[in-house]
Amino acid sequence: MNDPYDHRPAIQFRNVSYRLDTGYELLRGLNLEVQRGETLVLLGRSGSGKTTTLKLINRLLVQSEGEIHVDGRSIREWDVIRLRRMTGYVIQEVGLFPHFTVARNIGVVPQIEGWPADRIQNRVRELLHLVGLEPQLASRYPRELSGGQRQRVGVARALAADPEFLLMDEPFGALDPITRAELQREFLALQQRLGKTVVFVTHDLREALLLGTRIALMEAGQLVATHTPAEFMHSTDPLVAAYVDAFDTNLNAGFKRGPS
Amino acid sequence: MNVLQFIIQNRTEVLELTAEHLWLVGASIVLAVLIGIPLGILITRWPVLNKPVLGGANIIQTIPSLALFGFLLPAPWIGARADRLAILALTLYALLPLIRNTYTGIKGVDRAVVEAGRGMGMTDRQLLWQVEFPLALGVIIAGIRVAAVISIGLATIAAAIGAGGLGEYIFRGLAMVNNQVILAGAIPAASLAILADVSLGWLEKRLSPH
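Residue numbers (the numbering used here), protein chains in the order written: chain A, 1 to 260; chain B, 1 to 210.
In short, the hints are calculated from the structure, not lab data.
Only true hints are included.
Partner residues are not named here, just some residues of chain A that face chain B (Cβ under 7 angstroms, in silico): (1) Asn58; (2) Leu60; (3) Ile81; (4) Arg84; (5) Arg85; (6) Tyr89; (7) Glu93; (8) Gly95; (9) His99; (10) Val109; (11) Ile112.
Just so it is clear, CB atoms sit at the ideal spot from N, CA and C, and this is done for glycine as well.
Isolated chain A (complex conformation) (with noise of 0.2 angstroms):
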């Protein structure tokens, strides 16, 4: 699966552009490659177009011209379903299924790919291991969880079938500061050990830093630049500048109006 000869890009976007029914322009002319194996950071703010580039990859959402390759193949041409379930994917409202425990949550991409009972159980054991969650937790509902469990759980059920891509879209935005350091901590961990090419959309520019190899700044529909996170903070790009600084003074004002 990742096999480390194989240097095609495992995600290709040539002049892809998405257009809504009436017309509007969501994004435009987006050339982009993700690596094998990489964490690519997909930044930018609000309406930039970042989700909608993660939509497109799994097909949820399909580009109005241009052309996406997975794996070297056009998306036209992958079956949906497979294409979507060698796909894992983290959305931040998590949206884990509330009439499932959470064992039946993370074991559904096995259970819909046909798994016989047994395997599902361990390999649901295993998942919640990984993701540093107690293994009596299996047997409860996703509203008896904490927000920062239901992520994991997120995650897990993302990687149950070992899918060979990760699409996570703003998967820790609705924790709170220390659960989000935590998770960011055990994405990096977990992301050393399984080595998945992962796209991952977030506004933050301290967690694109964090946990991208590569950055790609994107804004009004296009993308601005793509640069490791080194490259980031010192771009000359004015609008790569306008993200740092923003930051920059959004934490300076923060600490100068603590403590008086």
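Go by the hints and put chain B onto chain A.
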């Protein structure tokens, strides 16, 4: 002679009419469930059909019950027996709450949950039966509950075309200008309605997620 005494004295007849009443209501609700729920699901999949289906069911609701019984009278196999006719009419009336609640129940399922299911590669059928339908079940049962209560009331009118049921007493009492006879039909019918409401309400609560 008070109502209770009348009912006790005529208990075999009261029970018979109650059984007839339940047959009319039960059969029509089962039919309405078998037709209404699939139709409700259908219009979540083909939004084009939404307006005609809900509009049609709405129009049926506006037809006065006696008129509807009259309209259906010339129908070939159905018009031959009064109870068939009554069951068909009651089924038609029960359709609206069933279609509408199935539709709104499924449409009301949390978008994030549906999107997560789709994003994980559930087929439309898997999404429907594993996610949307179970989560909409409480709302759908609420529709059955409304339909059942309405049907129990409407079924009393069926006596006017000779389909039997507790309406027999009501019409007989009206003709005799005898309140006790009217109440001997009305009280059991009302009790049935309350019973249906309470028991389906309990079921609705049990089957609702949360």
